[in-house]
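Start from the sequences and build out the full structure, keeping to the hints where you can.
If you want the building blocks of each chain, they are given just below.
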Amino acid sequence: MTGQKLAPNSRPETGAFFQRDREWHPPAFTPGYKTSILRSPRRPLVALNNTLSELTGPVFGHDIIGELDNDLIYNFAAPGEAAIGPRIIVHGRVLDERGIGVSGALIEVWQANAGGRYRHKNEGYLAPLDPNFGGGGRIIATEDGSYSFRTVQPGPYPWPNGPNDWRPAHIHFSIFGHGFAQRLITQMYFEGDPMIWKCPIVRTIPDHHAIEGLTAALDMQATIPMDARAYKFDIVLRGRRSTLFENRLEGN
Amino acid sequence: MAQTLERLKESASQTAGPYVHIGLMPNFCGIGGVYAHDLGATMVNEKTKGERIRIKIRVIDGADTPLKDALVEIWQADAAGLYNSPSELRGSADPNFSGWGRQATDMTSGECLFETVKPGRVPFIDGRPMAPHITAWIVARGINIGLHTRIYFGDEEKANAQDPVLARIEHRNRIGTLIASREGDTYAFDIRLQGDDETVFFDI
Ligand SMILES: [Fe+3]
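Going down the list, the protein sequences come from chains S and W. Note that my numbering has the first sequence beginning at 1, numbered continuously upward. Note that my numbering has the second sequence beginning at 1, numbered continuously upward.
Since the hints were made in silico from the structure, they are not lab data. A couple of the hints might just be wrong.
What the hints assert, rightly or not - Cut-off 30 Å, straight-line C-alpha distance, at most; resulting in silico cross-link-like pairs (DSSO-like, lysine-lysine): (1) S:K198 - S:K34; (2) W:K56 - W:K118; (3) S:K232 - W:K9; (4) S:K121 - W:K56; (5) W:K49 - S:K34; (6) W:K9 - S:K34; (7) W:K56 - S:K34; (8) W:K47 - S:K198; (9) W:K68 - W:K118; (10) S:K198 - W:K49; (11) W:K49 - W:K118; (12) W:K118 - W:K47; (13) W:K68 - S:K121.
To be verified - One side only, chain S facing chain W, incomplete, derived with CB under 10 Å: (14) T30; (15) R138; (16) M195; (17) W197; (18) I201; (19) L214.
As the list claims (entries may be wrong) - Simulated DEER-style distance windows between Cβ atoms: (20) W:P164 - S:G66: 39 to 47 Å; (21) W:A36 - S:I37: 38 to 46 Å; (22) S:S242 - W:D126: 36 to 44 Å; (23) S:K121 - W:N45: 44 to 52 Å.
Just so it is clear, CB atoms sit at the ideal spot from N, CA and C, and this is done for glycine as well.
Rendered as structure tokens:
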């Protein structure tokens, strides 16, 4: 069950979320990514000012998190074994557009193994499964929005789109903030990967700054010597208006 | 030059892809032992207040084919019209109701089923009551940014007729795409991604 309460001195915010910049996000119809052709709404979205149904959202308590949920190297491995691949730590903050940390955000991640193979029945890539790698993990951000997890760097993989399309190495992220209107799924890429700019899924995003915003930076200072390299990846959710000078009919 | 606003840009959305289950519903796709159960799989328990209902959802593409790799999340008020959220300041929601559910469409039938309760009415921005409704969010391979829609109830004709959100939909013949039809305790709701009956999706 959800329903975690915030710290007593932090009054929950109830302002409307900033309008989503639809020019910054990928449009629904992106023919270079063929699956979008039949799965893209063609009519304009109906604009809806946030009501309580969009302003509120589920918040998750630490009771859902197991000891190894943030450690993909060990959370599926047999006792005494570990996933194979380059060991990395991914860390950063979940912020909103005002730069404020999103306390208690739930981050769920999934990825291919070091060879580029997913543990999924619909997956047919010839790279082998790693018996000690499941590929999923989750974390609840701290009060200031910080999070971290440990994993192996995923491999690139081919996919049926064009005759020779490959995904760059990436980790999928799903994020819950404080309101359902903030709900977001995205992907993290790795600094310096030449495959990023060739990928039809990456290229659904029109603005290259937005793509750079999904590219994690190698962070040698957070690296653990002789153990794991680190990548820093900040995630930005929608910000919300202050309600300081607003007359509200409900609430308070 | 003026001062800068120093706002950040929201992280750009990317498709959930075909393997979304690994991260969000590992038990559903056969990855056991990582999480005890999939988050959002259960919304109610034996103590939850309100009328028990089921919502059967399909997500249908432009070739009339149900998606077998979609993931749907729903968010709703409890039977008294309160949200189980820290931002709900009008009162305390039923502690035995999460208000949030997550299901994947079945890999053979393309259907997913939510067991929940009928939500109470929640006020619109100006205080008028909205008709009972559920917010739904759909992601899948081929969907570049999650789609938001609402599920209204076919047996709430009077409330639906006065609903301030439905009233804003300019093309009146599209309102039916947001209304689930009731049979027994089950409401059926088809989400059509495109075509003549394309579901109304909201920019919230
Ligand atoms: Fe992927």
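**Prompt:** Going by Cβ atoms only, is R138 of chain S closer than 10 Å to chain W?
**Reply:** holds, 8 Å
**Message:** Just to be careful, I want the Cα atoms of K118 of chain W and K47 of chain W compared with a cutoff of 30 Å; is the pair within it?
**Reply:** holds, 15 Å
**Item:** Cut-off 10 Å, beta-carbon criterion: hint that M195 of chain S touches chain W
**Value:** violated, 15 Å
**Message:** Checking one constraint from the list: CA of K68 of chain W to CA of K118 of chain W, max 30 Å. Satisfied?
**Reply:** Measuring from Cα to Cα gives roughly 26 Å; hence the hint holds.
**Prompt:** Quick one, are K232 of chain S and K9 of chain W close enough, alpha carbons at most 30 Å?
**Reply:** Holds, because 17 Å separates the two Cα atoms, which is no more than 30 Å.
**Message:** Does K118 of chain W sit within 30 Å of K49 of chain W, going by the straight-line distance between their CA atoms?
**Reply:** Given that 30 Å is the threshold and the Cα spacing comes to 10 Å, the pair holds.
**Message:** Does W197 of chain S hold up as a contact with chain W if the rule is Cβ-Cβ below 10 Å?
**Reply:** At 15 Å from the nearest chain W Cβ, W197 of chain S fails the 10 Å test, so the hint is violated.
**Prompt:** Do the alpha carbons of K56 of chain W and K34 of chain S lie within 30 Å of each other, as the hint requires?
**Reply:** Distance ~28 Å between K56 of chain W and K34 of chain S Cα, so the pair holds.
**Straight-line alpha-carbon gap K49 of chain W to K34 of chain S, limit 30 Å** = The given pair, whose Cα atoms are some 45 Å apart, is violated under the 30 Å limit.
**Request:** Go through the hint on L214 of chain S and say holds or violated, using the shortest Cβ distance to chain W against 10 Å.
**Result:** Hint on L214 of chain S: holds, closest Cβ of chain W at ~6 Å, below 10 Å.
**Message:** Check the hint pairing K68 of chain W with K121 of chain S against an upper bound of 30 Å on the C-alpha distance.
**Reply:** holds, 13 Å
**Prompt:** CA of K56 of chain W to CA of K118 of chain W, is that 30 Å or under?
**Reply:** holds, 14 Å
Figure legend: structure checked against the earlier numbered hints; hints not met, in rising order: 5, 8, 10, 16, 17, 22, 23.
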